[in-house]
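Since the structure of chain F is already known, use the hints to place chains B, S, V, D and H on it.
Number of protein chains: 6
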Amino acid sequence: MQSPRPSKRAPDEMRPVALERGVAKHAEGSCLVKFGDTHVLCTASLEEKVPPWLRGGGRGWVTAEYGMLPRATHERTRREASAGKQSGRTQEIQRLIGRSLRAVVDLEALGERQISIDCDVIQADGGTRTASITGAWVALHDCIEWMKGRNMLTRPVLVDHIAAISVGISHGVPVLDLDYAEDSKAETDANFVITGSGGIVEVQGTAEGKPFSRDEFLSLLDLAEAGVKRLVELQKMAIL
Amino acid sequence: MQSPRPSKRAPDEMRPVALERGVAKHAEGSCLVKFGDTHVLCTASLEEKVPPWLRGGGRGWVTAEYGMLPRATHERTRREASAGKQSGRTQEIQRLIGRSLRAVVDLEALGERQISIDCDVIQADGGTRTASITGAWVALHDCIEWMKGRNMLTRPVLVDHIAAISVGISHGVPVLDLDYAEDSKAETDANFVITGSGGIVEVQGTAEGKPFSRDEFLSLLDLAEAGVKRLVELQKMAIL
Amino acid sequence: MQSPRPSKRAPDEMRPVALERGVAKHAEGSCLVKFGDTHVLCTASLEEKVPPWLRGGGRGWVTAEYGMLPRATHERTRREASAGKQSGRTQEIQRLIGRSLRAVVDLEALGERQISIDCDVIQADGGTRTASITGAWVALHDCIEWMKGRNMLTRPVLVDHIAAISVGISHGVPVLDLDYAEDSKAETDANFVITGSGGIVEVQGTAEGKPFSRDEFLSLLDLAEAGVKRLVELQKMAIL
Amino acid sequence: MQSPRPSKRAPDEMRPVALERGVAKHAEGSCLVKFGDTHVLCTASLEEKVPPWLRGGGRGWVTAEYGMLPRATHERTRREASAGKQSGRTQEIQRLIGRSLRAVVDLEALGERQISIDCDVIQADGGTRTASITGAWVALHDCIEWMKGRNMLTRPVLVDHIAAISVGISHGVPVLDLDYAEDSKAETDANFVITGSGGIVEVQGTAEGKPFSRDEFLSLLDLAEAGVKRLVELQKMAIL
Amino acid sequence: MQSPRPSKRAPDEMRPVALERGVAKHAEGSCLVKFGDTHVLCTASLEEKVPPWLRGGGRGWVTAEYGMLPRATHERTRREASAGKQSGRTQEIQRLIGRSLRAVVDLEALGERQISIDCDVIQADGGTRTASITGAWVALHDCIEWMKGRNMLTRPVLVDHIAAISVGISHGVPVLDLDYAEDSKAETDANFVITGSGGIVEVQGTAEGKPFSRDEFLSLLDLAEAGVKRLVELQKMAIL
Amino acid sequence: MQSPRPSKRAPDEMRPVALERGVAKHAEGSCLVKFGDTHVLCTASLEEKVPPWLRGGGRGWVTAEYGMLPRATHERTRREASAGKQSGRTQEIQRLIGRSLRAVVDLEALGERQISIDCDVIQADGGTRTASITGAWVALHDCIEWMKGRNMLTRPVLVDHIAAISVGISHGVPVLDLDYAEDSKAETDANFVITGSGGIVEVQGTAEGKPFSRDEFLSLLDLAEAGVKRLVELQKMAIL
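Residue numbers (the working numbering), protein chains in the order written: chain F, 1 to 240; chain B, 1 to 240; chain S, 1 to 240; chain V, 1 to 240; chain D, 1 to 240; chain H, 1 to 240.
Because the hints were derived from the structure by calculation, they are not lab data.
One thing to keep in mind: the hints can contain errors.
For identical chains, the list gives no copy identity; a pair is met inside one copy or between any two copies.
Claimed, not checked - Computed list of lysine to aspartate or glutamate pairs in DMTMM-like fashion (alpha-carbon distance at most 25 Å, straight line):
| # | residue 1 | residue 2 |
| --- | --- | --- |
| 1 | K236 | D106 |
| 2 | K185 | E92 |
| 3 | K148 | E80 |
| 4 | K85 | E112 |
| 5 | K210 | D222 |
| 6 | K8 | E112 |
| 7 | K229 | E20 |
| 8 | K148 | E75 |
| 9 | K25 | E13 |
| 10 | K210 | E92 |
| 11 | K25 | D37 |
| 12 | K210 | E80 |
| 13 | K210 | E225 |
| 14 | K34 | E225 |
| 15 | K210 | D183 |
| 16 | K85 | E75 |
| 17 | K8 | E187 |
Okay, chain F solo, but in the shape it has when bound:
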């Protein structure tokens, strides 16, 4: 039977994933992540100061910003710097990336420092937030290795892997890792952020068309767990 997916992938088949490290000359850690035609450049920047509300507490912080080049998309979108503000979508995504990464960081072990993760979408084809989280973990990992190499840390900072994947129901079938063509028509669309040890950190599910049932939701969770497991394996290979 032929796949009902525009990409002809099997329902549980992800796009080819690549995690290329060390792509940014200046950053303490960096990773160019590709989920098929979705390409995101993730950098980790170490700063020796924390936000005002953390000062003097001995704890560090991990934050994230997200952006998209104007012509990363099919139609050119307006440059946010020129529009004078970040859209609600951008803010929602960068808050999600930051929360996801902090779930696997021991902020006390980091000490009073901030790591800023920048995720910039060079080319978009669906799943930019999940690719961002997956690649950001690698950039964060390399930034922490950079610190270890300078004896800046006394105990482990990164306590687990974290990765994310999108799932959805398309033509009634639960599918893994939606590309743009599929995402824009799916009845339901969800993103899962899951740790290397299988704990769920974030779930965001939205019925774009008709509401979904508990059973449908569980089949999406099954797909996502398998997908993240694979992504974590790829992260492990990437940092070897």
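Structure of chains B, S, V, D and H alone, referenced to chain F:
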């Protein structure tokens, strides 16, 4: 055994909920919703025009804005109009309210008109987004009744109820409808938006502390389904 | 003879006024003030810091912010937080409220602290600035009582009452406390802010149509003095 | 007896006033107005379009903008263009100038056109808003003469003179036309905008220190009426 | 003799230059340009509309925007979208890129359409504006080829090549194509934009330290002319 | 032969230049500069603090801001304070003025203080940036004299004169000091900033129409050098 909750409620016990209709003299529909000490004024405003990207297509739109009075919270927060922009949190919430309501509206039946829902938090004690969605449905319902009374509609616009509730894991126990004291310390915090017929429209779950498991997530879903069922009953009584 | 006023009130008759205290759970002082269908929620928030230009001088400050819910008015108005700035009218009103309150506060007795008054119009039917000042005084009073109850003050801070009322010339007749229908058509429109002991603190008079004479202005002042006298009596009853 | 005023002027003595016409090469009307060391450049710009809410109605509009060069004041103030917004004070003043001028303009006779008045303070020494209104009338007059010279008007547009002056109570004495040194210490400060035929168009009085009485207010009005009478004479001489 | 340059390059030696076409899946034209470690992604986006001031005139427009990823630089710089505005430097550069490209485009032959060039610096090591112009020409070329392939054009649009290079005086020696280490210490720094036929389109020279002489300026021009000649050869090879 | 210039000036003839000192009562230094009908008010304001990145280093700073009154131009332009931001052109010009002045200031001799130069165009007829630089030098000079008079300086701060002039190619002829009518039609337009001792500090040349050659550029430089020489003489006379 005594309840572990700060409010002494049973794990599956919601706060007292009130839905007061017709509280805004000028609006086509309005509802003051109270989930305990969380009070949100929801108004529905009918406008005979749609956003540019919908013009001429015969379909209508439902959108939402969310705000909080500066002293709705324990500490005064800065007025967003004075700060010159809406926070990422505000934008995230108002996008959620709009999506949730649109899930139960037949936009073609509405015709080329926009209904703007304003949810303004008069007093906050946790769960402002879930109270907003639940009250907004009542305001939206009354706006549509107002239109029916003027023969502006030829077929049903509102196809189902929709309501939302927060759930969380607090001291290891799944609990329903978190207030601020509980929410700020919960290990996991999730919001479910569910229709009157039980379909899931939005799921947002976040592990604030340690990641959660599939089983924990399912017990949260159980609580939420029961909670929304109760909220929908209250909506039905309110619009009698 | 029948009244020429849309509301059928006598020329020197105010709308029913209500001053409800303690309506905001978190605020140090609060008052929901109603001048007929104009409803304003006033809160007083105590902060243990002053603006930069007052630091270290031992004196305190009282400031005010004003806002209006989008559907407080007959037609929905754009949310200022979404527009990205406060209108000139909003800034003019909040500066007036702040100046008026400071006229009856001993800022040295307050000590190096700031009280922020928020006046949020829940429903508008003309006279929102005068209702705001009148209700704000009650919220301020309760905030100062709250401080007294905690032994934070060593001498009186609030040295007098202050209240405000609008007056105007409508169809050639001087009238008191204009509602929206009257205000939008009045030839002249003035606001007076007057203390409990009868001193004038602010006068703002504008000829919307033809200019007014000295005698007309004096008859407006007469009306306003009587109106504020009544408002101060109501404030006294409210704080009993 | 010596004058108690810092400037040694008599209580009812204005500063030297100059109204220089035609100072801006490009503008349809212009006037450099000086009230002593307060210098304001007023220009009138004719545009063949009106604001959206007036389109198609056949009526015109007169609007005003106000600005101050950064070093017009004793200490340099931040450039509003650089700060990214106009202050509340700026907006309040430009709204006042616009309202005042419109009080003596027949907007229907103007036709569907807008005259924009720009009042830019080159040097400030108190009374910038009253000098602006007084000089703006001359610029407006010349713009209308320019239109007459091109047969653009069929009936009179400017129906009266308008001018403005500040008054105050300083060391208990009512005084006319306060300069900065006096204004910053006056107990009461008021601005009157009055027409050539003596009608009051705007009154703004503020007690900076203790509240003022009805009698004090009347003595301020006396001073202002005499002052405006003199300013109108100077306007008449200027446009000869 | 050893080169005095940090990079050990000869004074008239450019960094390795690469021009990679077709790097952006969605854009009508694109080029990843590298001048050594300076990498800029240039895309050309065709839009079937022109700015308001050109509408109806039959002429087209070419415009440019410039941005830099936050960690393109040695220290992370603040994201302009988050800061809420583009810096003066950014605006200066994007105006320069737009002017330079328009110098070799026949805007009437383009027809009433706009081509937007986005130059986004992925990695910065000096010379980002000159690399941007050089790469933007290639993206623009490919966009115009794309149009030709769809029979959208009836006569040549691109009338010449254009490229740009930086030159400077470093330790008293005129040098070509400064990298960051050299640029930040050069006494004089200039950018030349020159066409394929050798005409000068833009000159920008700045003495960072001591002023420069006419002779020094001429030796810089010599270097730049040779550099641009080489860049134009590379453009020709790239588009074969 | 008659001059081809709209103004009938000879190709190497400047407009009448005036440099009037001490025109701003409050500023430490000021100059009203006129290049024909282009009038710019330049003020120098001394502040006893430096930008954050210079604090504690013992060096001072000279910065500049540029503005234009809305009706300085033939058509009224929108007020930047009302638009909410400075245009790219404004920022480009004020950065140029600041850089030019700093080229002749010994920032260490200035000590840890900032001099802010404000250049406000009262009337525009081409060449506002060159007039600004030329007049700003006089304002800066007087500010430094003011400091000397108060024994605030121990060694010379101003090390040379600096002035600027525009040149261009109009109808094929190189011309000096373009006015608006000429500037808007010139094929090439360049600005030179040159010191009293003849060193070049800034060159900005743009081909508006066809590119220019090296020889054309050199003839422009010749004109500019003669022009600046004359401007420096006028500065010397002005400060006698």
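Within, between, both or neither: K25, D37 at alpha-carbon 25 Å: For K25 and D37, the Cα distance is within 25 Å both inside one copy (23 Å) and across copies (8 Å).
Identical-chain pair category, K210 with E225, by Cα at 25 Å: Both: 24 Å inside a copy, 17 Å across copies.
Intra- versus inter-copy proximity for D106 and K236 (alpha-carbon distance at most 25 Å): Answer is within: at 20 Å inside a copy they meet the 25 Å cutoff, but 48 Å across does not.
Same-copy or cross-copy closeness of K229 to E20 [CA-CA at most 25 Å]: Answer is within: at 19 Å inside a copy they meet the 25 Å cutoff, but 35 Å across does not.
Intra- versus inter-copy proximity for E80 and K148 (alpha-carbon distance at most 25 Å): This pair counts as neither: shortest intra-copy Cα distance 36 Å, inter-copy 31 Å.
Homomeric proximity label, K210 with D222: Cα distance no greater than 25 Å: Both: 21 Å inside a copy, 20 Å across copies.
Same-copy or cross-copy closeness of K25 to E13 [CA-CA at most 25 Å]: between (34 Å within a copy, 22 Å between copies)
Alpha-carbon proximity context of K210 and E92, limit 25 Å: both (23 Å within a copy, 21 Å between copies)
Identical-chain pair category, K210 with E80, by Cα at 25 Å: Neither. Shortest intra-copy (32 Å) and inter-copy (34 Å) distances fail the 25 Å Cα cut-off.
Copy assignment of K185 with E92, given that the CA separation must stay at most 25 Å: Cα proximity of K185 and E92: in one copy and across copies (21 Å, 22 Å).
Within, between, both or neither: K148, E75 at alpha-carbon 25 Å: between (43 Å within a copy, 20 Å between copies)
Homo-oligomer pair classification [E112, K8; C-alpha up to 25 Å]: Neither: 49 Å inside a chain and 38 Å across chains, both beyond 25 Å.
Hints 3, 4, 6, 12, counting from the list given before, are not met by this structure.
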